[in-house]
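Asker: Sequence:
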Amino acid sequence: MELVDRWRSLLTCYNEIACHLDRELQASHGITMSEFETLDRLVETACDDCRMQDLQSGMYLSQSALSRTVARLEKHGLAERTMCAADRRGVFVKITDAGRDLHARARETHLAILAEHLDRAPADA
293 MELVDRWRSL LTCYNEIACH LDRELQASHG ITMSEFETLD RLVETACDDC RMQDLQSGMY
353 LSQSALSRTV ARLEKHGLAE RTMCAADRRG VFVKITDAGR DLHARARETH LAILAEHLDR
413 APADA
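Letter 103 of the sequence shown, counting from 1, is numbered 395 in my numbering, and no numbers are missing.
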């Protein structure tokens, strides 16, 4: 049962951090943890147009959940979607200047919460 106990400890740690992140990002910046993560990945890719499928491949969100997340970001002017001219099934997404500004502010909150929680988390959790 040690393996199960370690798994449960990891889940508890993740859920505690995720809930705190979601609350603080929403209260301070008006975005969810998923919206922040999407903006963060877009900043990290450092390209003007990122294919949705490439963005989704490295995230915990399903394709439909990412699509809804990007739609919310787009509604608030934080990201833009365009169709791929060569492949009509392809969709590109890019972060806007407003999205970059919000990400820069929210990143400080994100890092502070991670530092607070991960500095006290068990090393093997």
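Honestly, the hints are just simulated from the structure, not real lab data.
Bear in mind the structure is a predicted one, so any value in this text is a computation, not a measurement.
C-beta: ideal position from N, C-alpha, C; glycine also.
Wrong hints could be hidden among the right ones.
To be verified - What follows is a list of derived Cβ distance ranges for each label pair:
#1 Thr374 x Leu303: 33 to 43 Å
#2 Ala338 x Leu406: 41 to 51 Å
#3 Arg373 x Ser301: 17 to 27 Å
#4 Lys367 x Ala396: 18 to 28 Å
#5 Arg300 x Asp340: 38 to 48 Å
#6 Gly382 x Leu410: 15 to 25 Å
#7 Asp393 x Tyr352: 21 to 31 Å
#8 Asn307 x Glu336: 23 to 33 Å
#9 Arg300 x Tyr352: 41 to 51 Å
#10 Asp332 x Lys367: 32 to 42 Å
Asker: Take the hints in turn and mark each one as holding or not.
Answerer: A quick look at each hint next to the structure:
{"no.": "1", "hint": "Thr374 x Leu303: 33 to 43 Å", "verdict": "holds, 38 Å"}
{"no.": "2", "hint": "Ala338 x Leu406: 41 to 51 Å", "verdict": "violated, 21 Å"}
{"no.": "3", "hint": "Arg373 x Ser301: 17 to 27 Å", "verdict": "violated, 39 Å"}
{"no.": "4", "hint": "Lys367 x Ala396: 18 to 28 Å", "verdict": "holds, 20 Å"}
{"no.": "5", "hint": "Arg300 x Asp340: 38 to 48 Å", "verdict": "holds, 43 Å"}
{"no.": "6", "hint": "Gly382 x Leu410: 15 to 25 Å", "verdict": "violated, 36 Å"}
{"no.": "7", "hint": "Asp393 x Tyr352: 21 to 31 Å", "verdict": "holds, 25 Å"}
{"no.": "8", "hint": "Asn307 x Glu336: 23 to 33 Å", "verdict": "holds, 24 Å"}
{"no.": "9", "hint": "Arg300 x Tyr352: 41 to 51 Å", "verdict": "violated, 19 Å"}
{"no.": "10", "hint": "Asp332 x Lys367: 32 to 42 Å", "verdict": "violated, 19 Å"}
The earlier numbered hints that this structure contradicts are 2, 3, 6, 9, 10.
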